[in-house]
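K.L.:
Position chain F against the provided structure of chain Y, taking the given hints into account.
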Amino acid sequence: MNPRRVDGSLQAADLGRLQREVGNLFELLSPSREPWEHSLWRETRLFPRVNVQENRDAYVIRCEIPGVEAKDLDIKLDGDTLVLKGVRSPDIVDEDASFHRKERAMGEFRRCVTLSEAVDQKTVGATYRDGVLTVTLAKRERMSARKIQIVSE
Amino acid sequence: MEDRQNERSGESEQDRETSQATADGSYLTPAVDIYETERAIVILADMPGVTPENLDIDISEGILSLAGKVVAEGAVGRDVSREYSTGDYSRSFRVTNAVNLGNVTACMKDGVLKVVLPKAKKAVARRIPIVSQPAE
Numbered sequence: 001m002n003p004r005r006v007d008g009s010l011q012a013a014d015l016g017r018l019q020r021e022v023g024n025l026f027e028l029l030s031p032s033r034e035p036w037e038h039s040l041w042r043e044t045r046l047f048p049r050v051n052v053q054e055n056r057d058a059y060v061i062r063c064e065i066p067g068v069e070a071k072d073l074d075i076k077l078d079g080d081t082l083v084l085k086g087v088r089s090p091d092i093v094d095e096d097a098s099f100h101r102k103e104r105a106m107g108e109f110r111r112c113v114t115l116s117e118a119v120d121q122k123t124v125g126a127t128y129r130d131g132v133l134t135v136t137l138a139k140r141e142r143m144s145a146r147k148i149q150i151v152s153e
Numbered sequence: 001m002e003d004r005q006n007e008r009s010g011e012s013e014q015d016r017e018t019s020q021a022t023a024d025g026s027y028l029t030p031a032v033d034i035y036e037t038e039r040a041i042v043i044l045a046d047m048p049g050v051t052p053e054n055l056d057i058d059i060s061e062g063i064l065s066l067a068g069k070v071v072a073e074g075a076v077g078r079d080v081s082r083e084y085s086t087g088d089y090s091r092s093f094r095v096t097n098a099v100n101l102g103n104v105t106a107c108m109k110d111g112v113l114k115v116v117l118p119k120a121k122k123a124v125a126r127r128i129p130i131v132s133q134p135a136e
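Sequence order for the protein chains is Y and F.
The opening position of the first sequence corresponds to residue 1 in our numbering, with each subsequent residue numbered one higher.
The opening position of the second sequence corresponds to residue 1 in our numbering, with each subsequent residue numbered one higher.
So that you can see chain Y by itself, here it is in the shape it has in the complex (with noise of 0.2 Å):
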């Protein structure tokens, strides 16, 4: 917010920034948006945000983890339950520095998303690219369908 002017008076331009600032607490509160957009959400910092798809064959895991190494990352399938740990370790900076800014969440982390379908646990695929991980979950092929002979007596 820009500081009042000198006298205090309020301009028109301090009432529409009130307008707004009560139109994002209705906002937060309206089922409307998506949780994340809420700036409550990116408080909570929860790290990473995990995005789930799936299709016919398969479960795909997309979280976003700028700046790790593939070896600080652990990803374990425990029965139907996919178990991502790691930890994010800041940059090394000399020892004069000063923060004007720290907004990254660092540290160690531990998500866990649970399928509803059974996957197979030989074939998991992950791989990390520009921060982001994407790991691959085949289901478990279904039963194929068995013909049922029918006998006429």
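Calculated directly from the structure, the hints in this document are not laboratory data.
Glycine is no exception: its CB is placed at the ideal position from the N, C-alpha and C atoms.
There may be inaccurate statements among the hints.
Label-pair restraints from in silico Cβ distances [unchecked claim]:
| # | chain 1 | residue 1 | chain 2 | residue 2 | range |
| --- | --- | --- | --- | --- | --- |
| 1 | Y | Ala105 | F | Glu73 | 16 to 24 Å |
| 2 | F | Ala72 | Y | Leu15 | 34 to 42 Å |
| 3 | F | Asn100 | Y | Ala97 | 13 to 21 Å |
| 4 | F | Arg78 | Y | Gly16 | 36 to 44 Å |
| 5 | Y | Val87 | F | Ala120 | 36 to 44 Å |
| 6 | F | Arg94 | Y | Leu15 | 21 to 29 Å |
P.N.:
This is chain F only, laid out in the frame that chain Y set:
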């Protein structure tokens, strides 16, 4: 250094504030760390999904603009859960003349952009000659 979010589109202040990271066509604001050492000011910006060739850094009229394009990854099926949306990133900063804009360097790795702004040599104190007015 002053933060100037989504400045690059040149919209009015009001448009800018309402267009942040929401509807289509707007930009996501990357989280940044900014630190200062004896020799330089360093900006680290999280821009996952941006390749070095899709990055655009621009300095003009004292405004440093960072922009990153994300090539959308195709949907592979239906969404089970979505906690983030992808989109292009943009963020701008006002830089003072304490920075040597001619020697700014940047590198991008694993979705993290690092911009190093070396500090300008301290302006040499300039002597201002005083001309004595001729006596009237």
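K.L.:
Honestly, do Arg78/F and Gly16/Y meet the 36 to 44 Å range at C-beta?
P.N.:
Between Arg78/F and Gly16/Y, where Cβ atoms are some 41 Å apart, the hint holds.
K.L.:
Tell me if the beta carbons of Ala72/F and Leu15/Y are separated by a distance inside 34 to 42 Å.
P.N.:
39 Å, holds
K.L.:
Is the distance from the Cβ of Arg94/F to the Cβ of Leu15/Y consistent with 21 to 29 Å?
P.N.:
27 Å, holds
K.L.:
Does the Cβ distance between Ala105/Y and Glu73/F fall inside 16 to 24 Å?
P.N.:
22 Å, holds
K.L.:
Could you tell me whether the CB distance from Val87/Y to Ala120/F stays inside 36 to 44 Å?
P.N.:
Roughly 37 Å apart at Cβ, these two residues keep to the hinted range, so it holds.
K.L.:
Is the distance from the Cβ of Asn100/F to the Cβ of Ala97/Y consistent with 13 to 21 Å?
P.N.:
18 Å, holds
Of the numbered hints listed earlier, not one is contradicted by the structure.
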